[in-house]
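Visitor: One letter stands for each residue in the lines below.
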Amino acid sequence: MSFDLNFIGILIGAIMASSVPLILAASGELITERSGVLNLGVEGMMIIGAISGFALMVVTDNLFFAVIGSMLSGLILSLIFGLLTQSLLTNHVATGLALTIFGIGMSAMIGKNFVGIPGKEFPLLFLNFKESIPFLGPIFFGHSIILYFAFGLPFLTNYFLKKTKTGLIIRAVGDSPTSASNQGINVTLVRYSCILYGGAMCGLAGAYLSLIYTPQWIENMTGGRGWIALALVVFATWSPIKVLIGALIFGGITILQLHMQAVGLRIPVQLLSALPYIMTIIVLVVISRDSRKIKLNTPTSLGQIFYKEK
Amino acid sequence: MYKLFLRSLISVLFMLGFSLNANAEFKVGFVYVGPTGDHGWTYQHHEGRNAVEALGIKTTYVESVPEGADAERVIRQLAQSGHDLIFTTSFGYMDPTNKVAKDFPNVKFEHATGYKREHSNVSTYSARFYEGRTLLGHMAGKMTKTNTIGYIASFPIPEVIRGINAMTLAAQKVNPDIKTKIVWVFTWYDPGKESEAAQALIDQGADIIMQHTDSTAPVQVAEKAGVWSFGQASDMQRFAPKSILTSIIDDWAPYYVERSIAARDGTWKQQDTWHGLKEGMVAMAPYNSAMGSDLVKEVEQLQKDLASGKVHSFTGPIYDQKGNILVAEGAVADDGMLAGMNVYVKGVEGDIPQ
Chain U
0 MSFDLNFIGI
10 LIGAIMASSV
20 PLILAASGEL
30 ITERSGVLNL
40 GVEGMMIIGA
50 ISGFALMVVT
60 DNLFFAVIGS
70 MLSGLILSLI
80 FGLLTQSLLT
90 NHVATGLALT
100 IFGIGMSAMI
110 GKNFVGIPGK
120 EFPLLFLNFK
130 ESIPFLGPIF
140 FGHSIILYFA
150 FGLPFLTNYF
160 LKKTKTGLII
170 RAVGDSPTSA
180 SNQGINVTLV
190 RYSCILYGGA
200 MCGLAGAYLS
210 LIYTPQWIEN
220 MTGGRGWIAL
230 ALVVFATWSP
240 IKVLIGALIF
250 GGITILQLHM
260 QAVGLRIPVQ
270 LLSALPYIMT
280 IIVLVVISRD
290 SRKIKLNTPT
300 SLGQIFYKEK
Chain B
0 MYKLFLRSLI
10 SVLFMLGFSL
20 NANAEFKVGF
30 VYVGPTGDHG
40 WTYQHHEGRN
50 AVEALGIKTT
60 YVESVPEGAD
70 AERVIRQLAQ
80 SGHDLIFTTS
90 FGYMDPTNKV
100 AKDFPNVKFE
110 HATGYKREHS
120 NVSTYSARFY
130 EGRTLLGHMA
140 GKMTKTNTIG
150 YIASFPIPEV
160 IRGINAMTLA
170 AQKVNPDIKT
180 KIVWVFTWYD
190 PGKESEAAQA
200 LIDQGADIIM
210 QHTDSTAPVQ
220 VAEKAGVWSF
230 GQASDMQRFA
240 PKSILTSIID
250 DWAPYYVERS
260 IAARDGTWKQ
270 QDTWHGLKEG
280 MVAMAPYNSA
290 MGSDLVKEVE
300 QLQKDLASGK
310 VHSFTGPIYD
320 QKGNILVAEG
330 AVADDGMLAG
340 MNVYVKGVEG
350 DIPQ
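Residue numbers (numbering that gives the first Met the number 0), protein chains in the order written: chain U, 0 to 309; chain B, 0 to 353.
One chain only, chain B, in its complex shape (with noise of 0.2 angstroms):
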C-alpha cells in the first residue's frame, strides 16, 4: 500500500512537472522525412527552421522519420513534451498528424502537402511546384535534341503526378514531339537507386533530366553523361555546373516565420495554404546562361506571367493519354482537380501505379 501510494505520488509530480515545463516556453517542433543535409527537401524546410530560431523561438526537430507508424509516434512524443506548433513536412505524415491532432486539442498542428484537416487544430500548407514545373518544361522542349526526357518519380501521389503534367503540358506546348518517359523509384531519397534510374532514363534516350526525389544524385549523373537536368527543392547547381538548367527551390522561410508568430502570440487559426511563385514559396534558382540568351529572357518572361497569374499553367484544351478532354479550350483547372490530379495528360508515356 505504502509502496503503491509512493508511486503513484511520482507520477502525479512527474506529470506536474512535465505540464508545468510544458507551459513554460513556447516551443516548436519540426518533423522530417530525410536527413537535413539532403540538399534538398528537408534541407530548405530545416533552412525555414533556422528562420524561426532566429527570432528566438525555441524549436526541436526530428530528421529521417519513416512515414508510417513511426511518424505517428515521433509526432506525440513531440506533443506531449509541450510544443505548441508542429511541422510535419511530409505527405506521408497526413493521417498520423491527423490522429494526434485529436488528442492535443492545445496543440497547432501544421502539415505540409497534405489535404486532410480534421481537426480544428490542424493546418495544411504547400507550394505551388508545379508552376516550377511549368518553366522546367519549356525549357526541356527547347533544349531536347531526342524529343525525350526523362523524370524520376518517387511515389503515385497527386502531388507528383501534377508536376509530371505541368512539364509535359508545357514542354508540348513549344515542341509537339515530346515524349516523358518516367521510372517510379518508390523512395524520396536513396542516391543509389535515383543515379541508376537517372542513368536508365539516359541509356533510354534521354537527354533531359528531371527529378521529384531528394537527392542530389540524379543531377550528378547527368553532368557525367553531359545530358541537362534540374534541381529539386534547393539550388543544386554546385553539384552539377555544366549539366543544370535551373533549380526549383523551395522557400519556406516566410511561411514558417508568419505561423509560429501567429501561434505565439494566440493568433493562429485553421487554413489551408498554396503559395506559388507569387507569393515567392515557390522560387528559381538563376537560369543557365548555357541555354541561350533568347531562351533565357523567354523563361523570364514566363515566370512574371505564372506569377502575375496572366498564364496558368493547366490551361486548357488538355487531354488525358486516351484522348478524353479533361479541360476545356480556355478554361483553367481549378484548385480542388489539381489537388486530387490522378490521371496523366497525353504524351506521357505508361500508366500511373495503382
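Isolated chain U, as found in the complex (with noise of 0.2 angstroms):
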C-alpha cells in the first residue's frame, strides 16, 4: 500500500463520495421523524429517486431536470405515505414497509427499458485543483455539487431545528402533538410538510446513485442504503451532526476494509465485512450517551398516530 499523502487525499475523496446518499436520505428522514412521523419507506422513496433520475436524464438529456424529477417523485412517493398515514390515519412502521415494497417494484417496473444504458458525466467542479493541490485537492474538489450540498446539509438542518421557529414547530409536533395542536398549530400540516421534504431528499439520495455514484441503473441498486440510512437516524440519536459522522464512518470503513484486503492484511475477511456496521453503531453509541441529550432530541411521539378531536 502506498502510504503517500495524495494517496490517503484520493481515499478521504473516496469515502466522501460514498457516503453522500447516506448523508441526504438520513437528514431528510431525520426532520420527518422529528416530525414524530417514522417513514420506513426511506428506501423505497430512494429506489424511486434512482430510476426517475435516471429515466429523466435518458429521456431529456438534462442533468439538471433528471435531480429535480428524481426529488419530485420521491417527494409523489412520500404525499401517498403522508395521505395514508396523516389522512387515513394508517400505522406508520406498516406503511413505511409497504412504501419500500412498492418503491422498488415500481422501480423495477419503469427500470425494464432503461436497463444497459450508459450514463451521461455529471459534471464534476473545480477538477484542475483536484490534480494541482496535493492531498488537500482530491478531498476539497473534483466532487459533484450534489456532495457540497450534502455536506452543508447537516449543518443546515442543526440550525434549522435549533434556531429557527418553524424547527421549534416541528420539535413541538414532534414532542407533543397534543399541546402543540392546542396552542394552533396545524399538526397534519407541519407533519405533511416533513413527510414530503423527508421524501425528496430520498429521491435525492436514490439519483446520486444513478446519476453520479455508479451511472446506471440496475435493479435494486440502492442495495439496502436507505435501511442503513435509517439506523444511523437512531443511532445519531437525532441530531444532524452525529448523522454526519455516522454516514462517514460507515462509508470509511467499508471502503477502507476493501483496500485492507487489496492489501491483503491477514484479517478474516468476515470480521473486515461487519467492521463498518459494528463501528458505525459503537462510535455513535459511545458519542451520544449523555441519556439527557438523547431525550432532549428523540422526538416522544415518533410513530404515533395523532388526530384532532373535533
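Keep in mind that the hints were calculated from the coordinates and are not lab data.
Glycine included, each C-beta is placed from N, C-alpha and C at the ideal position.
Treat the hints with care, since some could be wrong.
To be verified - Distance condition first, Cα-Cα at most 30 angstroms in a straight line; then the derived DSS-like pairs of lysine-lysine:
| hint | chain 1 | residue 1 | chain 2 | residue 2 |
| --- | --- | --- | --- | --- |
| 1 | B | K223 | U | K129 |
| 2 | B | K98 | B | K57 |
| 3 | B | K241 | U | K111 |
| 4 | B | K26 | U | K111 |
| 5 | U | K119 | B | K223 |
| 6 | B | K178 | B | K321 |
| 7 | U | K111 | B | K223 |
Unchecked claim - Examples of chain B residues toward chain U, derived with CB under 8 angstroms:
| hint | residue |
| --- | --- |
| 8 | G191 |
| 9 | K192 |
| 10 | S214 |
| 11 | Q320 |
| 12 | G322 |
| 13 | D334 |
| 14 | G335 |
| 15 | A338 |
| 16 | P352 |
Two independent chains are provided; combine them into the complex using the hints.
Guide: Written out as C-alpha cells, the structure reads:
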C-alpha cells in the first residue's frame, strides 16, 4: 500500500463520495422523524428517485431536470405515505414497509426499458484544483455539486431545528402533537411538510447513486442503503451532526476494509465486512451516551398516530 | 358441527381444485437470486427461460429470492402450485431444493452449481466457467503492465475459488511475475459495493479488473479509470466498450430446453451435468481488438484447445500457497478435486475466508 499523502487524500475523497446518499437520506428522514412520523419507506423512495433521475436523464438528456425530477418523484411517493398515515391514520410502520416494497417493485417495472443504457458524465467542480493541490485537492475539490450540498445539509438542518421558529414548531409537533395542536399549530400540515421534505431528500439520494456514483440503472441498486440511513438516524439520536459523522464512518470503513483486503492484510474477511456496521454503532453509541441529551432530541411521539378531536 | 363440516368440505374442494388444476398443464418454474435486469447471472438464466417459453411451455419465475429461509418457501410454493420441473439457479438454494424435493417426489428439480442430489428427483448442472477464466488469465497475464490483477470475489465457495485459481495459473504461464489481489464483497449483487471494490483494487495498483459478481458496475469503474476488465455471465461490452477485453457468457438455453422437453415427455432422469466450452454452455464474447491481433489469435487457439480437451485448465504441476504439490507434473485435476476446490494456488495473495 502506498502511504503517500496524495493517495490518502484520494481515499478520503472516495469515502466522502460514498457517504453522500446516506447523509442525504438520513438528513431527510431526520426531519420527518423529528415531527413524530416514522417513515420506513426510505429505501423505496431512494430507489424511485434513482430510476426517475436516470430515466429523465435518458429522456430529456438534461441532468438538471433529472435531479429535480428525482426529488419530485421521492416527494410524490412520500405524499402517498402522508395521505395514508396523516389523513387516513394508518399505522406508520406498516405503511412505510409497504412503501419500500412498492418503490422497489415500481422502480423495477419502470426500469425495464432503462437497463443497459450507459449513464451521462455528471459535471464535477474544480477539477483542476483537485489535481494541482496535493492531499487537500482530492479531498475538497473535484466533486459534484450534490456532494457539497450534502455536506452542508447537516449543519443547515441543525441550525434550522435549533434556531428557527419553524424548527421549534417541528420539534414541538414531534414531542407532543396534542399540546402543539392546542397552541393552534396545524399538526397535520407540519407533518405533511416534513414527510414531503424527507421524500424529496431520499429521491435526491437515489439520484446521486444512479446519476453520479454508479451512473447507470440496475434493479435494486440502492442495495439496502435506505435501511442504513434509517438506522443512522436512530443511532445518531436524531442529531444531524452525528448523522454526518455516522455516515462518514460507515462509508469510510466500508471502503477501507476493501483496501485492507486488496493489500492482503491477514485479518478474517468476515470481520472486515462486518466492521462498518460494528464501528458505526460503537462510535455513535459512545458519542451520544449522554442520556439527558438523548431525551432532548428524541421525538417523544415518534410513530404515534395523531388525530385532532373535533 | 355444521360449520366444521362446511369448512372441511370447502378445504377438500379447494385441494381438489388445486390438484386438478395442477395436473392440467405442464409447467416449469425458475427461482432467481437476482433481478432479471442484472445483465449478468440472472439475466442469462432468464434468457434460458425465454427459450423454454418459446417452445410453448408455460413457465413461471420468481426473481431476487434471497438464499436462505425465503428460498425454501418460494421453491415449496412453486412445487405446490403445480410446477412439474423447477430450476433453482443459485448455489445457496442447494439445501432448500433438496429439502423440498423430498416432499414432492413427483416434481423434478434442477439445481445450478451445487453438488447435492439427495433424492432421485434432483439433478444438478453447472458450467465449466473455469475454462473461460483460463482464457481471461492468459489475456490478463499478457496485458498487465503493473503485474497486478484485481479480482472481485463474492463468496468463498469452490466455484469462485476454482475461477481464481484457473485464472492465476493461466496468467502465470505467460507472465511468471503476476500477482492476484482479491477483494471479497460477500454479495452476488450490490453495484455500489462492487464498484468500491473495483476502485480499491485499482488504487492498489491493479490494471486488470475481474469479477465473480453479477452487476456491470466493476467494468464501468474500469472503463473510467482506463484499465482493462472482463465481463461476467453475459456480454457486458456496451457498458465499457474500451475497457472490456471479452466476457464469459453462460448459455443455459440449450440445457433448459432439453431438460424441459425431457420432463414433459417423461424421459427426465437424474443426472449431474458439467458442460463447458465444448458443449457451448460456456461461451466467449467477441475479443477486443485493442489487445492486438496476435494475442486475439493466440487466445482463439487456446479456446479451441480447451474445447477439444487438448489443453486442460488445471494441468500439473500445480502448487498450493505453501508450495505443497496439488497436481503432479503432467497430470490434470479430476472433476472431484475441481468440484471441492478449497485452497488457493501459489501466486494468489491472502487467505480464503473460512
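Visitor: State the violated hints by number, sorted upward, taking the hints as numbered earlier in the document.
Guide: Numbers 11, 12, 13, 14 and 15, in rising order.
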